[in-house]
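Engineer: Model the full structure from these sequences, guided by the hints.
Chains as they are written, first to last, in my numbering: chain A, 1 to 621; chain B, 622 to 851.
Treat the hints as calculated values from the structure; they're not laboratory data.
Think of the CB as a built atom: it goes at the ideal place given N, C-alpha and C, for glycine as much as any other residue.
DEER-style ranges, computed between Cβ atoms:
| no. | chain 1 | residue 1 | chain 2 | residue 2 | range |
| --- | --- | --- | --- | --- | --- |
| 1 | A | Gly295 | B | Phe668 | 25 to 35 Å |
| 2 | B | Glu720 | A | Ser26 | 21 to 31 Å |
| 3 | A | Thr367 | B | Gly809 | 36 to 46 Å |
Derived DSS-like pairs: lysine-lysine, alpha-carbon spacing no greater than 27 Å straight-line:
| no. | chain 1 | residue 1 | chain 2 | residue 2 |
| --- | --- | --- | --- | --- |
| 4 | B | Lys774 | B | Lys759 |
| 5 | A | Lys362 | A | Lys406 |
| 6 | A | Lys406 | A | Lys489 |
| 7 | A | Lys363 | B | Lys673 |
| 8 | A | Lys489 | A | Lys388 |
| 9 | A | Lys362 | B | Lys673 |
Part of the chain A face toward chain B, derived, beta carbon under 10 Å:
| no. | residue |
| --- | --- |
| 10 | Ala21 |
| 11 | Tyr23 |
| 12 | Asn25 |
| 13 | Ser30 |
| 14 | Met254 |
| 15 | Leu301 |
| 16 | Ala360 |
These are the residues of each chain, in order.
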Amino acid sequence: MTGASLWARVEPLLSRIERPARYLNSEWGSVHTQEAEYRAVFLYPDTYEIGQANQALGILYQQANAIDGVAAERAYLPWIDLIALMREEDVPLFSLESCLPVSQFDLFGITVPYELSYTSILEALDLAGIPLRAVNRSEEDPLVVGGGPCVYNPEPFAAFFDAILIGEGEEALGDIIAAHRQAKDESLDRASVLERLSQIPGVYVPSLYHESVNGDGLTSVLTPIGSTPAVVTKRVVASLSAYAAPTCPVVPFMDVVHDRYAVEVLRGCTRGCRFCQAGMVYRPVRERSADEIVGDVLDGLACTGYDEASLTSLSTADHSQIEEILRRLTRRLAGTGISVSLPSLRVDAFSVELARLVSAGKKSGLTFAPEAGTQRLRDVINKNVTEKDLIDTVRFAFEAGWRRLKLYFMIGLPTETDEDIRAIGQVVERVLVAAREVTPPAQRGAIRVGVSVSTFVPKVQTPFQWEPQITLEEVRRRQSVLRESMPRKGVDLHWHDADVSFLEGVMARGGREVADVVETAWRGGARFEAWTEQFRLSTWLAAFESCGVDPTLIANRDRDIEEPLPWDHLSAGVSRRYLQRERERAFSESTTPDCSFSGCTGCDVCGDLDVDIVLTGGERR
Amino acid sequence: MTPGEFRLRVAYRKTGRLRHLSHLEVVHALERMVRRARLPFAITQGFSPHLKAAFGPALPVGTAGEREYFDVWLTKYTAATEVLRVLVASAPAHLVPFEARYVADSVPSLTAALTIGSYEVEIDGKGLDASSVQAALKAVLTTGEFSIVHKGKTKFFDLARSVPKDARVTDRDGGVVVELTVRMGPQGSLRPEALIRHSLEAASITASAVRTTRLETLVEGDEGVWSRPV
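Structural biologist: As structure tokens, then:
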């Protein structure tokens, strides 16, 4: 690759913008490779402080840099102040490490973290000078490959990517790079490169699938062209132990979100909450062993200099050796001023015990997610938590000295009635009563309960993928029912913006027709939409209108169970049969146990993907 | 002195692209450097125990520093040369310590002691020359007063007090370099760059770029003698 660093043109701009630390690189742990046969750059489509701590990109950065002859760099979307100056001065999107134009790399990897990040991805491509649509790219353009949480319904953004990796990257990234290098050695043209990539398990090449459109103008189904696989099944690694966790990650200079050393203690969650996409698509459960985790935390802290380590996963308290891990860590870290944090807690006394173990006297706040107000609705969504569990846990936590609590709920779940919504207020009231009862009178004034209420967005590859999302008007009505039923004193009530939830719903289940809408909205100024002040639904409504797409048909329509779906050509390993059965069980208010605690519940992931549950402590408690 | 604790004073540079870091970012980076070096650092007592360290006067975003300081308290005596060696090995490029010495606990804190800052301001611009910049600066200095609006508040500086030494202006590499010494303190510290930009503007001189480096921070002793804090 040729080309000169853009730094001499970027630096003079830094005195004219906010937070220049976003663009400096040279952080501890960043990897700088001068000579490389193959160069990859990984973009998080938001600002540095939002994307820097992303653990998946940290893993891929380490993995790619470990390949002989390969250099991997990072890129983030500059904030709007710098983007404006870059456009004025004709400076293209640059990588951090070598400050080279992103367009000069061989591989441009983009993580797709959130439904409202699609316009920011277009902003990045455009700023990089890369044609927005894969079909318009030439031999000189980098291979644009996507991956990340949103890929299970990729059609709204598929046209902007040459290839999309479905599933885990540890093994697949190496396969993609090897195939691309090989193809370059053979001087294959772009179309042939894509054909090669489509043969790699887990790699979806959108241009090799033909779209059928139904009468409403919506995608009904995607069928393969030529020898392309009919269904792309997600990649998954059998054991996390086969891959060294990054123990020397980049240590940022500026304050970033999740600014601490994070160790992934397990992947996957089989609690089986029926609304939860992560719980379905990251199966099966695979734990890393206590020895590995403790060793990595100590190595990682030594290498980074962080004063906090976080044990991350979808459900850390479920790890079969969690108590041993925390006891060993607190013993080893005693007197160092270093703390350990747990991001997610179950609603039980055991979790509070774990929180107490790592709190070292500090009782900042606890978070629990009952999700629904009535037992009936919690059974529908398979949230296996009773109100007694919650009240007992609250009592236990406030007896132990906690005074602040955050509770997560959802409105708009399938079968929800106003009674279910009012029950949320009643549960919060009983939580407050329980908390006050066990708190000494002089300290009762300090009791605060944060209640965070989001709107349910049906996601693909879940038992609720066929359900209608409640309409915007209905969201507003139910929010007012909720507000009226919520106790005032001691409660901080927050909810997710209804407009945002609506658009998330369209992106979550939209087909290929939505790509035009995304591009039109971006041309209308949409970007950075995870930032509340940047989000405007009006831009989107205009875009839907001009593209002739009715968003309510995507978000608010009740789908027939037999209807072909625009994500049927992708599989997360969980069978459609299982999803349908879980849907039926939801409507009959029957719960399904967690297979990592009791027997197999037949989701078919292990058989389909030839993997197994990995519990390092033998069994869970 | 806290029994069993040793106060080490470290001098470091903030240079290159890291001139764009804020003071808080520098503080975090240095704390992480100390932890990476696995020094036997002391921990503060209290609700939220953390590494015991203290830092010199803040450098603004965009300003480099050639001789900045921080103090760190160790629980075990380690030869200062050895401490410096491990610190350097744990330092990010452009934020590198170069001197470490133990100081008595009775020595005043860095923020209290360091009241003099000596700066070098590089100015680029077409047709710039030292004499016109000198004249522009002098015109403002002789008025004896300078005010600046920062975050909606107006700050006034008595220039006779704030600029305790004559500025030196020289030509260098097609631009102009101003060496300026200012007094720093809790009432506010005059930013040399602000004074110079104001002077150039008043004299209708256009600068394409202004880069500021703090060369030293100094202690003002009795009878106005300036010295380093180690």
